[in-house]
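K.L.:
Listed below are the residues making up each chain.
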Amino acid sequence: MNRLQVELPGLTLKNPIMPASGCFGFGKEYAQLYDLSKLGAIMVKATTLEPRFGNPTPRVAETPAGMLNAIGLQNPGLEKVVTEELPWLEQYDVPIIANVAGSETEDYVAVAERISKAPNVRALELNISCPNVRCGGITFGTDPKIAGELTRAVKAVSSVPVYVKLSPNVTDVTEIARAVEAGGADGLTLINTLVGMRFDPRTGRPVIANGTGGLSGPAVKPVALRMVYEVSRSVSIPVIGMGGISDVDDVINFMSAGASAVAVGTANFVDHFVCPNLIDALPDRMDELGIRNITELIGRSHR
Amino acid sequence: MNRLQVELPGLTLKNPIMPASGCFGFGKEYAQLYDLSKLGAIMVKATTLEPRFGNPTPRVAETPAGMLNAIGLQNPGLEKVVTEELPWLEQYDVPIIANVAGSETEDYVAVAERISKAPNVRALELNISCPNVRCGGITFGTDPKIAGELTRAVKAVSSVPVYVKLSPNVTDVTEIARAVEAGGADGLTLINTLVGMRFDPRTGRPVIANGTGGLSGPAVKPVALRMVYEVSRSVSIPVIGMGGISDVDDVINFMSAGASAVAVGTANFVDHFVCPNLIDALPDRMDELGIRNITELIGRSHR
Amino acid sequence: MIRNEHMKVAGQREIARNIYELVLEGELADEIKEPGKFVHVRAGETLDPLLRRPISIADYGNGRITLIYRAEGYGTRVISEKGLHGQADVLGPLGNGFPVEAAAPGTKALLVGGGIGVPPLYGLSRRLKEAGVEPVHVLGFQSEDVVFYEEEFIRLGETHIATVDGSRGAKGFVTDVMASLGHEFSVYYSCGPLPMLKAVAEGMAGTEGYLSFEERMGCGIGACFACVCRTDSNDRGYVKVCSDGPVFKAGVVTL
Amino acid sequence: MIRNEHMKVAGQREIARNIYELVLEGELADEIKEPGKFVHVRAGETLDPLLRRPISIADYGNGRITLIYRAEGYGTRVISEKGLHGQADVLGPLGNGFPVEAAAPGTKALLVGGGIGVPPLYGLSRRLKEAGVEPVHVLGFQSEDVVFYEEEFIRLGETHIATVDGSRGAKGFVTDVMASLGHEFSVYYSCGPLPMLKAVAEGMAGTEGYLSFEERMGCGIGACFACVCRTDSNDRGYVKVCSDGPVFKAGVVTL
Ligand SMILES: Cc1cc2nc3c(=O)[nH]c(=O)nc-3n(C[C@H](O)[C@H](O)[C@H](O)COP(=O)(O)OP(=O)(O)OC[C@H]3O[C@@H](n4cnc5c(N)ncnc54)[C@H](O)[C@@H]3O)c2cc1C
Ligand SMILES: Cc1cc2nc3c(=O)[nH]c(=O)nc-3n(C[C@H](O)[C@H](O)[C@H](O)COP(=O)(O)OP(=O)(O)OC[C@H]3O[C@@H](n4cnc5c(N)ncnc54)[C@H](O)[C@@H]3O)c2cc1C
Ligand SMILES: Cc1cc2nc3c(=O)[nH]c(=O)nc-3n(C[C@H](O)[C@H](O)[C@H](O)COP(=O)(O)O)c2cc1C
Ligand SMILES: Cc1cc2nc3c(=O)[nH]c(=O)nc-3n(C[C@H](O)[C@H](O)[C@H](O)COP(=O)(O)O)c2cc1C
Ligand code: FES
Ligand code: FES
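Top to bottom, those sequences are chains C, P, L and W. In terms of full-length UniProt numbering, the first sequence is residues 1 to 303. In terms of full-length UniProt numbering, the second sequence is residues 1 to 303. In terms of full-length UniProt numbering, the third sequence is residues 1 to 255. In terms of full-length UniProt numbering, the fourth sequence is residues 1 to 255.
Certain hints may be false.
[What the hints assert, rightly or not] In the BS3-like style, the derived pairs of lysine-lysine whose C-alpha atoms are separated by at most 30 Å in a straight line are: (1) P/Lys-28 <-> L/Lys-108; (2) W/Lys-249 <-> C/Lys-28; (3) P/Lys-38 <-> P/Lys-28; (4) W/Lys-33 <-> C/Lys-28.
[What the hints assert, rightly or not] Simulated restraints, written as ranges between beta carbons of each label pair: (5) P/Arg-202 <-> W/Gln-87: 24 to 34 Å; (6) C/Arg-285 <-> P/Gln-5: 31 to 41 Å; (7) C/Glu-79 <-> L/Glu-81: 44 to 54 Å; (8) C/Asp-93 <-> W/Thr-107: 43 to 53 Å; (9) W/Glu-72 <-> P/Ala-281: 43 to 53 Å; (10) P/Val-157 <-> L/Arg-77: 47 to 57 Å; (11) L/Lys-8 <-> C/Asp-284: 36 to 46 Å; (12) L/Arg-77 <-> P/Ala-281: 30 to 40 Å; (13) P/Leu-289 <-> W/Gln-87: 34 to 44 Å; (14) W/Glu-72 <-> L/Glu-81: 22 to 32 Å.
Hints in this document: simulated from the structure, not taken from any laboratory. We put the beta carbon where it would ideally sit given N, CA and C, even for glycine.
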């Protein structure tokens, strides 16, 4: 038996570690560094119906123990993703979670329907929470009713289980969580980025060309852990936790808080081998903590 | 003319730097370190009608570039504050901003009425945003209607201008800001802490005895700057900005984002002389940036 | 007076597994009038790790202070590995230490320390001896590899070591050793983990005693209310470990 | 192959005001086949500063690489002051460098650098010279105190220095100097701030040229889309500075 194995709707994970969407492209770049088959899964970059160029640069800025980004969902568009990016990934033995984004319900539905048929796509991640695109996006993630309806619409067409990615920029994240659960979501992923800014003291202007950006990295970890804890207690579908994970104790803690698996975003830029390193470090740390199977950790803080 | 001087409702500030509530007690401890008359103002610890013991320990935990606290509004209660703490502070030439907290509207009103009559209290800071107390507190800060009504009730009895301290744990901070402005607030202070958690990997339990705590320090600065920016553009009353300030460029940036003055919290634990150090550093940095009067900075990113 | 000083590192060495002895030089050293006070040390100079770490003053004199700390967590590891480049950002002296005068000259005083609670007892023992008191030390550690300062304590007086696994000295806890001592003590002093303090206070009930406490700290100077302990013995109902303590007379803090 | 290596610090010295030359030793050095590539350097080992800093490889060979960087911002100051304790966490080599073969042996090549854009031109110039090309250098700086490697460039070929305030070499910009050169160039190479690249490309219109760009980076390897530049010349409409560049043929990136 594989001690690190986790079973989730649509996903049999060799281990609970996967790169987070937007921090790993479609895998090609990191494939130069290590074997992608090692990963529990891969959350690929957000895909929209049409290709998007994204926002003007600068698109990123460093902050204390974190970073801001306003990439603006740059991606090659559905057609190219399903005909080039995803087939290329088939050479690896790793389930793909396709991150689906759009401006209108129709966009989400169209992308979801087609992309969910790709043979290696085992689950969708509905991105209703990207703070860096102006139309749609953010409101889907902050209004429980709209979020629930979008989930229902996407569920109706998807060939694979649907996970909904929640925004932390809300008063009550459990309210949205319950709404998308009621809408038929098979799982939840959280957190997306917190909206933040950085200024240039010389000019007095924002550093990010877009003005605001999404805050990620270790700085947001306490907020992410709190939301994973709250949400996992208030729904009965599984949660994939993320937000600032960079070491093996972070993985343990997110799972203790209630996550069934975790995603690693920003840390891939700091230690490009962080995902395989975490996978290698887990068994030893579990031994130290007296944990036989990783699943024992899930939500143990609630018990 | 004093280049650092800022005029705000009820407050003539020698400089825009003041310690944030809860990080400076009632001044006695820091008075051992430097002359409190140097400060622009002092935001004293939250005062409630009755003395409070607060939460069990551990009450604080470190996080990446930040900290969590769940002090639980421990304070000696209104009577002792007005008869002992505030009179002691009269020996210094520094305006006091009294932080007012409670569980019910009546508590706030009672504290506000009496404390606003203390001779050195020049303004109130209505704490509707403390995440670490169970009853009241947090809902006041997340519901625009209740926040507006509370503001109105307190304004009716206060002998000094009323600033309302906003919570960052909301979907739209400008909505609350506008509601309290409509309720008669003379100014706003933000941000209070973000709700967060830290876990112990050995036990799987939260480190803070209270479970959740309030996240502060440099980690939250990007969120604080964004909210100061958004709020200052959507109201016409002045904003005192705070959240992660630790160096002189942070002061410049918060003012560029729209703050008329700033408060420094967590940084007082890291560099106990941070407030006087910032005050000393400002004129040189202003010279470098070609700023004659500090007021030129206020909201310059909006122009 | 409390100073915030960039003290010069006069030396640092690993004296047991992960236990470092750090000697610092500066004016702050001359402000210390009493053993058992502590300093608040910044780990590194960037924003992570952020908070200062409270460390007892193990010894002081001649313009120097000695700190003994365990580098186990994040911040103390940074301090030991690289946080200290020739200097350390130190705030102190802080808090109230052990009252040396509580022990009458010519009497015996019992000093009980556990793990990283042992360091401040060294400075205390030296001051007691100078005052003509005879110190008797009972020092508990996890295992032999983390035992430190045994020689130094022996030089000052009778010294008993206990280790949990018996790899050095008596096997067991300090309280086991205490039970076997045949002395009469005018006063006892103790520093270590809470369960140990509790057991020591129970074992020494009836004798005047002083206990040094640990709590997570924010400010370290009494302003933030992070480090409070319940007490029944004063009108506030609580004390702050950082500014009212860390040393309290036994019975003050509710154990 | 891209490696992530803790390279050994073979030496670091300040060669001009706030400009450091850092020599690193390790296997990564043997992977470099072309001048103008860069490495992604971690500043410190704690979580702040968080992101890596992109720094050009100024020179390479014999198992070593040389980086020349300005310690001005937060991270580079940490690197210069204390981030490097005998070793540096380096990812690289990254990106595509300058094509040496674009200049035919026996011809003259123009190398134009501005400020911290100067370093990669040094490695390039050495390789050009080895290939029998005659390098001519025009190097612009703010003022005399930040001029570096003048001697090193002179040793490789004709070298002109320009400073904005005239405190060394010609007063003015690199383009002022370029206008006064009487040579025929088969190709030009340039690295420096965007306005300079633009002016250089305009001044050299008609000649084949290669420009090295700077953009804020996240991953440094092409995965995060932080560092894109618009272009009209490929079907995607953009290039990534980190993985498609940092060096592009003049005309590719919309200036
Ligand atoms: C008055 C006092 C005197 C002390 N004297 C000594 C001494 O002489 N030698 C020594 O080795 N240790 C001493 N300690 C304990 C020491 O402060 C902690 O071991 C240290 O803070 C842990 O920090 P870290 O970076 O290793 O761990 P981390 O896990 O990185 O610490 C995270 C946070 O928790 C706090 N923390 C963790 N453990 C403790 C603890 N046991 N007590 C207080 N805060 C803690 C840290 O200060 C920091 O804010 C003393 C504590 C107090 C309160
Ligand atoms: C391909 C490439 C090669 C470079 N080669 C060199 C070199 O050889 N020598 C040298 O001194 N500098 C070089 N730079 C610029 C160098 O990366 C920045 O000066 C440095 O990142 C600034 O970091 P800081 O810690 O000083 O500033 P901070 O203000 O702390 O930086 C904050 C963030 O902004 C980024 N940033 C700030 N300025 C720049 C910039 N100009 N370009 C890219 N990112 C920036 C930082 O990387 C960091 O993520 C190069 C940049 C690129 C893209
Ligand atoms: C550069 C960058 C790009 C991102 N792009 C996306 C995206 O396309 N879709 C998405 O759902 N989340 C995106 N995210 C958010 C991450 O997937 C993740 O939710 C967030 O960064 C928190 O995790 P971290 O702190 O580990 O980075 C992006 C994050 C970063 C830093
Ligand atoms: C230990 C601690 C106690 C606090 N207590 C209070 C309080 O009593 N009332 C209040 O309005 N804010 C309180 N705050 C919030 C601060 O005033 C401030 O809004 C917040 O910490 C953000 O600023 P900073 O990042 O500079 O600390 C407290 C913060 C800390 C860290
Ligand atoms: S640590 Fe702040 S009151 Fe003790
Ligand atoms: S820095 Fe990530 S794509 Fe270039």
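K.L.:
Now tell me, hint by hint, if it's right for this structure.
P.N.:
Here is what the structure says about each hint:
1. Of the pairs offered as hints, the one joining P/Lys-28 and L/Lys-108 is violated, with about 39 Å between alpha carbons and a cut-off of 30 Å exceeded.
2. Restraint check for W/Lys-249 and C/Lys-28: the C-alpha separation of about 24 Å stays at or below 30 Å, so the hint holds.
3. Note on P/Lys-38 and P/Lys-28: the hinted pairing holds, with a Cα-Cα distance of about 14 Å set against a maximum of 30 Å.
4. Taking the CA atoms of W/Lys-33 and C/Lys-28, the gap is near 22 Å; set against the 30 Å cutoff, the hint holds.
5. For the pair P/Arg-202 and W/Gln-87, the beta carbons lie near 31 Å from each other, so the given range of 24 to 34 Å is met.
6. For C/Arg-285 and P/Gln-5, the hinted distance range of 31 to 41 Å is not satisfied, since their beta carbons lie about 55 Å from each other.
7. The hint said 44 to 54 Å for the Cβ distance between C/Glu-79 and L/Glu-81, and at roughly 52 Å that hint holds.
8. Our hint of 43 to 53 Å for C/Asp-93 and W/Thr-107 holds, since their Cβ atoms are close to 52 Å apart.
9. The hinted window of 43 to 53 Å between W/Glu-72 and P/Ala-281 is violated, with their beta carbons roughly 18 Å apart.
10. The hint said 47 to 57 Å for the Cβ distance between P/Val-157 and L/Arg-77, and at roughly 53 Å that hint holds.
11. Evaluation of the 36 to 46 Å hint for L/Lys-8 and C/Asp-284 yields a pass: the beta carbon distance comes to about 40 Å.
12. As the Cβ distance of L/Arg-77 to P/Ala-281 is approximately 31 Å, the hint placing it in 30 to 40 Å holds.
13. Distance hint check: the CB atoms of P/Leu-289 and W/Gln-87 are about 37 Å apart, consistent with the given range 34 to 44 Å.
14. Restraint check, W/Glu-72 to L/Glu-81: a C-beta distance of roughly 26 Å satisfies the suggested window 22 to 32 Å.
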